[in-house]
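Participant: What follows is each chain in one-letter form.
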Amino acid sequence: MSAGSTLDGVLEAIEAARPIVALRDSYLAYPLINAVHIIGIGLLFGAIVALDLRLLGLRRAAGPAEGFAGLLVPVAIGGLLLAIPAGLLLFATDARAYAASPLFQAKILIIGLAIGNALLLRASARRGTASRHGTAFAAGASILLWLGAIILGRLVGYF
Amino acid sequence: MTRTWTIAGALILGLAPATPAIAHHGWAWATAQEFELSGTVKHVRHGNPHGIMLLTTASGEWTVEIGQPWRNEQAGLTPQLLRPGIRLLVHGHRSARNGERLMKAERIVIAGRSYNLYPDRPS
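Chain order of the listed sequences is A and B. So the first sequence is numbered by my numbering: it starts at 8 and just counts up by one. So the second sequence is numbered by my numbering: it starts at 23 and just counts up by one.
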């Protein structure tokens, strides 16, 4: 059995799992899970863009970046913790089709890069090794990556 | 992965590729003209965000979009009734994109009986 057909079998089994079948055929659960996914994205994107803009040098007079991060990073992580489980549930209802979609694959890749970028930025800030240019570059990349993830996510439904 | 990058790149350049639709909402993408199509169900997927079936017809294979679970249920189009192998006639609207074999169903006729997904729309 090839790796491809093994993956296909796993995805098919996920689609056929009873709670997933119930979600796919649901009256209200599916749109509500969809709403949770959007709420999570809203919290994540809103908080992360605000922090990135501060790291890019906007509103310096409003206080040190650490102060902004103290509030905005937990909000962004909270958003991610809503968006990921809700997204996994939506994925599970049509797992093989999503997995085969190049747009979806690109979206997941970009989310991976965005999370990796955030972790690296945070680690270097904690160690105090972040240069001003490096931080600004990471903040700019963060905005573009999350923007890309959202746009690709929307396009998956239309192409 | 190369294909993924190609498509991501194409999108960034605003050259969205013409791949088959997974989901459509509303009617704006379809023509205003009433359309009908008869054929045999090859594949059907019930469920959210809306159902979809592949129809084998005299003019090739068509994709037909049906409703979300409550709408299909309300029309009487249960998974027991609407299944592969069954012959039917679909009334609805076809995609406005030239040559695209895609339509959205308003009403489906099986064995002379009408199952209306959109009773408030003329079909």
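You may find that some hints are simply not true.
[As the list claims (entries may be wrong)] Residues from chain A that face chain B, not an exhaustive set, calculated with beta carbons under 7 Å:
#: 1; residue: 22
#: 2; residue: 31
#: 3; residue: 37
#: 4; residue: 111
[Claimed, not checked] Listed next, with one range per pair, are the computed distances between beta-carbon atoms:
#: 5; chain 1: B; residue 1: 81; chain 2: A; residue 2: 107; range: 37 to 43 Å
#: 6; chain 1: A; residue 1: 144; chain 2: B; residue 2: 95; range: 50 to 56 Å
#: 7; chain 1: A; residue 1: 64; chain 2: B; residue 2: 144; range: 35 to 41 Å
#: 8; chain 1: A; residue 1: 36; chain 2: B; residue 2: 81; range: 36 to 42 Å
#: 9; chain 1: A; residue 1: 24; chain 2: B; residue 2: 106; range: 29 to 35 Å
#: 10; chain 1: B; residue 1: 118; chain 2: A; residue 2: 66; range: 45 to 51 Å
#: 11; chain 1: A; residue 1: 158; chain 2: B; residue 2: 135; range: 28 to 34 Å
#: 12; chain 1: B; residue 1: 49; chain 2: A; residue 2: 107; range: 41 to 47 Å
#: 13; chain 1: A; residue 1: 158; chain 2: B; residue 2: 79; range: 15 to 21 Å
[Claimed, not checked] Selected chain B positions facing chain A (in silico; Cβ < 7 Å):
#: 14; residue: 70
#: 15; residue: 89
#: 16; residue: 121
#: 17; residue: 140
These aren't lab readings, by the way, just hints derived from the structure by calculation. Even glycine gets a Cβ: it sits at the ideal position worked out from N, Cα and C.
Participant: Provide an ascending list of the numbers of those earlier hints which the structure does not satisfy.
Facilitator: Those not satisfied are hints 1, 4, 5, 7, 9, 11, 12, 13, 15, 16, 17.
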